[in-house]
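Protein chains: 2
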Amino acid sequence: MGEKVQQLKTQLQQISDLGNAMAVLGWDQEVMMPEGGSQPRARQLSTMARISHQMATSEELGDLIEGAAAEVSGADYDSDEAALLRVAKHDYEQNMKLPVDFVAKLTQITSEAQHVWAKARANDDFKSFEPMLEQIFELTRQGADFLGYTDHPYDALINQYERGMTAAEVARIFNAHKPALIELIAAIGEVEDRVSDAVLRREYDIDTQREFGLWVIEKFGFDFKRGRQDISTHPFCTNFSRNDVRITTRFYKDYLNPSLFGMMHEAGHGMYEQGSAESLDGTPLAGGTSLGVHESQSRMWENVVGRSRGFWSWAYPELRAKFPGVLDDTDVESFYKSINTVKRQFIRVEADELTYNLHIMLRFELECDLLTGAVKVSELPQVWNDRFEQFFGIRPPNDTLGVLQDVHWSAGLIGYFPTYALGNLLSMQYYNTALAAHPEIPSEVASGKFDTLLTWLNSNIHQHGRKYTSAELTQRITGGQIDPAPYVAYLQEKFTDVYGLG
Amino acid sequence: MGEKVQQLKTQLQQISDLGNAMAVLGWDQEVMMPEGGSQPRARQLSTMARISHQMATSEELGDLIEGAAAEVSGADYDSDEAALLRVAKHDYEQNMKLPVDFVAKLTQITSEAQHVWAKARANDDFKSFEPMLEQIFELTRQGADFLGYTDHPYDALINQYERGMTAAEVARIFNAHKPALIELIAAIGEVEDRVSDAVLRREYDIDTQREFGLWVIEKFGFDFKRGRQDISTHPFCTNFSRNDVRITTRFYKDYLNPSLFGMMHEAGHGMYEQGSAESLDGTPLAGGTSLGVHESQSRMWENVVGRSRGFWSWAYPELRAKFPGVLDDTDVESFYKSINTVKRQFIRVEADELTYNLHIMLRFELECDLLTGAVKVSELPQVWNDRFEQFFGIRPPNDTLGVLQDVHWSAGLIGYFPTYALGNLLSMQYYNTALAAHPEIPSEVASGKFDTLLTWLNSNIHQHGRKYTSAELTQRITGGQIDPAPYVAYLQEKFTDVYGLG
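If you read the sequences in order, they're chains A and B. Just so you know, the first sequence maps onto residues 1 to 502 in our numbering. Just so you know, the second sequence maps onto residues 503 to 1004 in our numbering.
A portion of the hints provided could be inaccurate.
Here are the simulated EDC-like cross-link-like pairs (lysine to aspartate or glutamate), alpha carbons at most 20 angstroms apart as the crow flies [as the list claims (entries may be wrong)]:
no.	chain 1	residue 1	chain 2	residue 2
1	B	K629	B	E614
2	B	K727	A	D28
3	B	K755	B	D709
4	A	K225	B	D530
5	A	K178	A	E353
6	A	K105	A	E130
7	B	K629	B	D908
8	B	K591	B	E562
9	B	K727	A	E35
10	B	K755	B	E852
11	B	K591	B	D783
12	A	K225	B	E532
13	B	K727	A	E30
14	B	K878	B	D888
15	A	K89	A	D63
16	A	K225	B	E537
17	A	K494	A	E353
18	B	K607	B	E632
Residues of chain B clear of chain A, computed beta-carbon distances all greater than 10 angstroms [claimed, not checked]:
no.	residue
19	A584
20	S698
21	E820
22	R850
23	Q892
24	H910
25	Y918
Here chain B is said to cover these stretches of chain A; the calculated rule only asks that three of the stretch's residues, wherever they fall, bring their Cβ under 8 angstroms from a Cβ of chain B [stated by the list, open to error]:
no.	stretch
26	30–36
27	47–53
It is worth saying that the hints were derived from the structure and are not from the lab. From a predicted model like this one, the values you see are computed outputs, not experimental measurements. Yeah, the Cβ is synthetic: ideal placement off N, Cα and C, and Gly gets one too.
Sequences are here, hints too, so could you generate the full structure?
Given below as structure tokens:
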């Protein structure tokens, strides 16, 4: 390895160390911190962010990248060194585009906005959040200008989460499957009483829920020597290296879904991080390559595996035994249907597999229109509700169940939503490719074996970390790009069966 | 506030933020981290230590201190600003004395030495640790030279933990109470079967131990809105601000002492940190002023309060009710005696109130002799055992129970031990002063009221943080300096009674 490359790696490792240290503080804040700790913790995080930003935008780092690039020119595209240089250069350029003052202002406003939004949501009072949201969209437009784009300001934003993706491409992908979703949802709407999730809303002891969930994700392959699971208000996955990956869960004593499928979901994220190659640890190549690919992993374990008939043919007896009496009147087939209930309802995070992407499309279209000015922030509640009604055939009775439901905009995360839907689509494309290579996967899942699937994911996706962009990775795996067709086919087959459609 | 003072505060706050962030990572490492996380965690901590050291020894900081000093010259000695300047100047000068390479070398060797020592202790194999210990003492001598001293290299070392203390002063204090301890221990040795701790070694359910301990320290006044308690192999107290103070405990199902008195002890440390004035938070003035004063607080709650007859007259019925059947044959008086059992045994951390300081004296004398060369590292096992026998009348059967028992030397913490003993002495001096002001304290303790004592400690000790040195603080409170007489008088009275001596 050249001298400059070595120096660059050392420098980047220190930036990565600081980022991981901040993640420890963030995890602790959500999971462990006593309430008194919040103000000093915010200060500690802000100091570390400042130091980290200084390091990530230093002239020294720029020079090192240039010097190292000369040393590795001609190196194999797939080599760690070449990939390191690509990613380091990209990150550095992105960081340098945003002026320090701009970042500070956005951080400050989104930090204040969290409280304002939470209060507005609690009180169903959009007006109190409106001025702040206007500022956030104004700053976001400025941010897009700083980052630069050719066609649509949205391109600059989504590129932060899904490198190379554009608004036009998202629109094409969404439009290609929206009608099929709407049609299938409508068909189910006519026979919706055929399936009910009532059995999931019985009383489930929380400790036992946790035990069962831990048992499932350990079987999946989540490595507890290199990770742990805890409780938090909002579930998440974080990591401080591939060898210390942490997921969190929320539990309700009268609703099984959030903990059970939440643990599978976060474990899917977690196993992606745990599978990142050892050689990439401590470099910017470590970890997931994009939010969309990350979501493909969480959704694959949660839905494709965790909501499959095969999985429950194996797991249901164990679940029933864990909760004596609770499921006596329910056989595996009706349990399978209950966890695949389709419901037209207002809240994205409660959405089922079928309706989920439609919730995202609504947000994507609104974000684009807000950025171009086609929709004004003040018009949002009205427009949200109108479009929601067009999509779903039901109208939110208030803004708490409508435009105020998500944390993202108050946090400045505009351009983020589409990655959820793209992840759903990718999950099926990747799964189908794994299946083509290993047709035994479904029967293995049905007997509680998950290592063939996990090993395939490890070697085709996880180990590469950020070496390849989402598009490059998808090309390598599927020979093409994001395509909604496999996901639509999967949904049609699954829900035609579950609802006994014609 | 002057401009330079303001800039200095900002700069120092960032150093303090980094230090607190490192403490979060340290806490997490001991309490939460999965085993796979240790290597990346070490790297993260080392990166942060490097950044922190750079900030703490920067020319910029030196200039700011100088500029700010000019701005506050003439300010009241007791003012926050004047104290900030004193402490910042002292810390800066201390940090500047140690060359970066020296610090790095010491860090590296003591980091390696941890494993070597742990293995040597497990295998009773001093020889395998000897070369490393020689290096550590050699580096420690160099460190003392860098730090500077007039009379004895030990002065430079203890000054790091107990500012202004010297080897001569420690020797004077120790010699002034050693004979009394030896005499009292010998007298008890002749009637040692009058008291037994057997009742503490029955089976105590661990969850219930924890419940009881939490109840006690909450009554003491440990604030759980600004702190928490967890489990770790080695108990400790850490904090990330006065509003986020964390203590840890270890539990044995067949021995009540470590959890019960351990929680009181760590809560004593914790309440000191929680009591540091809000205005000092985020500055180098926050937190305890010295290890000795810190230990005075932990030992006061653990021993002076927690091992008193009054305390148990109130708490014993609750303890007995918590463990149905376990204490049926034991009345409060015999329980009180059992927790005050005096035992000549080999391990410092298991020592009772009476023998504890003698264990420290042994270590102090050896450290001094090792620094001057009067004792060689290779002679340590022999000399340790000889002196131990002189002090206690019993001889360690091996080095695991002798010179290898403590972690301190392998960690480079030479000059640290005396602070434990000084803390014991101070605990009684401070307590007596509190008592003179509030003679009702013992009767309050006997009815489960602790706020008069805690309030007194808050206003006389805790709130000042590091504003005053240990010596200044003791002068303010007692009108004098560290004096072993009150502690000896307390021990004589207590143990004459417990053991029914002449």
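Okay, the hints, checked on the actual structure:
no., hint, verdict
1, B/K629 with B/E614, "holds (16 angstroms)"
2, B/K727 with A/D28, "holds (15 angstroms)"
3, B/K755 with B/D709, "holds (9 angstroms)"
4, A/K225 with B/D530, "holds (15 angstroms)"
5, A/K178 with A/E353, "holds (14 angstroms)"
6, A/K105 with A/E130, "holds (18 angstroms)"
7, B/K629 with B/D908, "holds (16 angstroms)"
8, B/K591 with B/E562, "holds (13 angstroms)"
9, B/K727 with A/E35, "holds (6 angstroms)"
10, B/K755 with B/E852, "holds (17 angstroms)"
11, B/K591 with B/D783, "holds (18 angstroms)"
12, A/K225 with B/E532, "holds (15 angstroms)"
13, B/K727 with A/E30, "holds (15 angstroms)"
14, B/K878 with B/D888, "holds (14 angstroms)"
15, A/K89 with A/D63, "holds (11 angstroms)"
16, A/K225 with B/E537, "holds (6 angstroms)"
17, A/K494 with A/E353, "holds (10 angstroms)"
18, B/K607 with B/E632, "holds (18 angstroms)"
19, A584, "holds (24 angstroms)"
20, S698, "holds (39 angstroms)"
21, E820, "holds (25 angstroms)"
22, R850, "holds (31 angstroms)"
23, Q892, "holds (48 angstroms)"
24, H910, "holds (27 angstroms)"
25, Y918, "holds (27 angstroms)"
26, 30–36, "holds (count 5)"
27, 47–53, "holds (count 4)"
The structure agrees with every numbered hint stated previously.
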